[in-house]
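Colleague: Sequence:
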Amino acid sequence: MKAAIFSGGTIDEEAVRKYFSAGRPDAIIAADRGTAFCYRHGIWPDYIVGDFDSLSLETGKDSLSFFLAKYREGGVPIDTFRPEKDMTDSDIALEKAISIGADAVCFFGATGTRLDHVFSSIFDLYKLYERGIEGTIIDGCNRISMPVMRRIVIRKSEQYGKYVSLYPFRGKARGVSLTGFKYPLKDAEIIQGDGGLTTSNEIVAEEGVIECREGILIVMETRDE
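Residue 145 in numbering that gives the first Met the number 0 sits at position 146 of the sequence shown, and the numbers go up by one each step.
These are computed hints drawn from the structure, not numbers from a lab. Please note that a few of the clues may not be correct.
[Unchecked claim] When the alpha-carbon atoms are kept at most 27 Å apart in a straight line, the in silico DSSO-like pairs for lysine-lysine are as follows:
#	residue 1	residue 2
1	Lys171	Lys161
2	Lys155	Lys181
3	Lys181	Lys1
4	Lys126	Lys17
5	Lys155	Lys17
6	Lys171	Lys181
7	Lys69	Lys1
8	Lys185	Lys171
9	Lys126	Lys84
10	Lys17	Lys1
11	Lys161	Lys181
12	Lys1	Lys155
13	Lys161	Lys17
14	Lys171	Lys126
15	Lys161	Lys185
16	Lys155	Lys185
[Stated by the list, open to error] Label-pair ranges, simulated between beta-carbon atoms:
#	residue 1	residue 2	range
17	Glu13	Asp78	27 to 33 Å
18	Ser64	Arg150	45 to 51 Å
19	Met0	His40	44 to 50 Å
20	Arg39	Ser119	44 to 50 Å
21	Ser199	Trp43	35 to 41 Å
22	Glu94	Tyr182	36 to 42 Å
23	Asp61	Pro183	49 to 55 Å
24	Leu196	Lys17	26 to 32 Å
Remember, predicted model here, so these are calculated numbers, not experimental data. C-beta atoms are modelled at their ideal positions from N, C-alpha and C, and glycine is treated no differently.
Produce the complete structure using the sequences and hints provided.
Modeller: In structure tokens form, the structure reads like this:
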């Protein structure tokens with residue numbers, strides 16, 4: 000089951016359009032201000048969650064309160080949480096996705112100007128990784144994942160941007176090999192904090208293959224704005 004989560008960060012319309020071109024995901028979860036993007040773009044979520052702490056800041060027919068009322072009238076379940084909580088709205092949406100049986104989760108609006116939220120979103124990928132669930136963050140310039148599989152194939156024709164960067168998560172990644180890349184690797188060890196070795200690589204063959212024998216990798220496919 001594929002689930003898409005819309006959070007309150009920066010959401011790129013074209014990225015969403017391309018994602019939906021392959022078909023509607025099995026579940027759409029709007030987290031707090033991600034609800035506004037969904038309503039303005041004609042997306043009907045299956046679930047809405049959040050603390051909605053910004054409700055009082057807007058009024059009228061282009062406000063979050065108006066959108067929530069319309070979705071409530073349409074029968075969309077809305078789970079409201081207190082602002083004083085130990086989870087972000089994206090965390091809550093993630094747990095909802097897990098509870099309904101998602102085995103792949105894509106986040107929109109998980110990045111933006113708030114770097115603390117970006118870090119939190121990357122940790123959300125790890126929460127999914129621990130459960131064997133594929134997680135992906137997509138914005139206008141980046142596709143970030145923490146693959147569960149030990150062998151990842153990225154087709155050059157389908158990659159997200161020009162560059163591919165790898166970073167170990169929670170320590171070292173061992174037995175890292177890259178084939179089909181401008182800068183290949185063979186059975187290398189990547190140490191957390193030494194980012195230069197695997198930053199801004201490029202796929203030069205029809206496919207770029209990433210293999211990791213041990214450890215956890217963050218894979219970032221990126222492009223300049």
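Colleague: Can you confirm whether the C-alpha distance between lysine 126 and lysine 17 stays at or below 27 Å?
Modeller: Roughly 26 Å separates the two Cα atoms, so the pair holds.
Colleague: With a cut-off of 27 Å on the C-alpha distance, tell me whether lysine 181 and lysine 1 pass.
Modeller: violated, 33 Å
Colleague: Sort out whether lysine 181 lies within 27 Å of lysine 171, counting only the CA atoms.
Modeller: Roughly 23 Å separates the two Cα atoms, so the pair holds.
Colleague: Compare the distance between the alpha carbons of lysine 1 and lysine 155 with 27 Å, and conclude whether the hinted pair is satisfied.
Modeller: Holds: lysine 1 and lysine 155 sit about 24 Å apart, inside 27 Å.
Colleague: Would the hint linking lysine 185 and lysine 171 be met if the CA-CA limit is 27 Å?
Modeller: Distance ~15 Å between lysine 185 and lysine 171 Cα, so the pair holds.
Colleague: Can the suggested window of 36 to 42 Å be confirmed for the beta-carbon pair glutamate 94 and tyrosine 182?
Modeller: At 39 Å between Cβs, range holds.
Colleague: Taking 27 to 33 Å as the hint, is the beta-carbon distance of glutamate 13 and aspartate 78 inside that range?
Modeller: holds, 30 Å
Colleague: Would you say the C-beta atoms of leucine 196 and lysine 17 sit inside 26 to 32 Å of each other?
Modeller: holds, 31 Å
Colleague: Is the straight-line distance between the alpha-carbon of lysine 69 and that of lysine 1 27 Å or less?
Modeller: holds, 25 Å
Colleague: Taken at face value, is the distance from the CA of lysine 17 to the CA of lysine 161 at most 27 Å?
Modeller: At roughly 17 Å apart (the allowed maximum being 27 Å), lysine 17 and lysine 161 satisfy the hint.
Colleague: Between lysine 155 and lysine 17, is the straight-line Cα distance small enough, at 27 Å or below?
Modeller: holds, 17 Å
Colleague: How does the Cβ-Cβ distance of arginine 39 and serine 119 compare with 44 to 50 Å: does it lie in that range?
Modeller: At roughly 25 Å between Cβ atoms, serine 119 and arginine 39 fall outside 44 to 50 Å, so the hint is violated.
Violated hints for the displayed structure, listed by number in ascending order: 3, 19 and 20.
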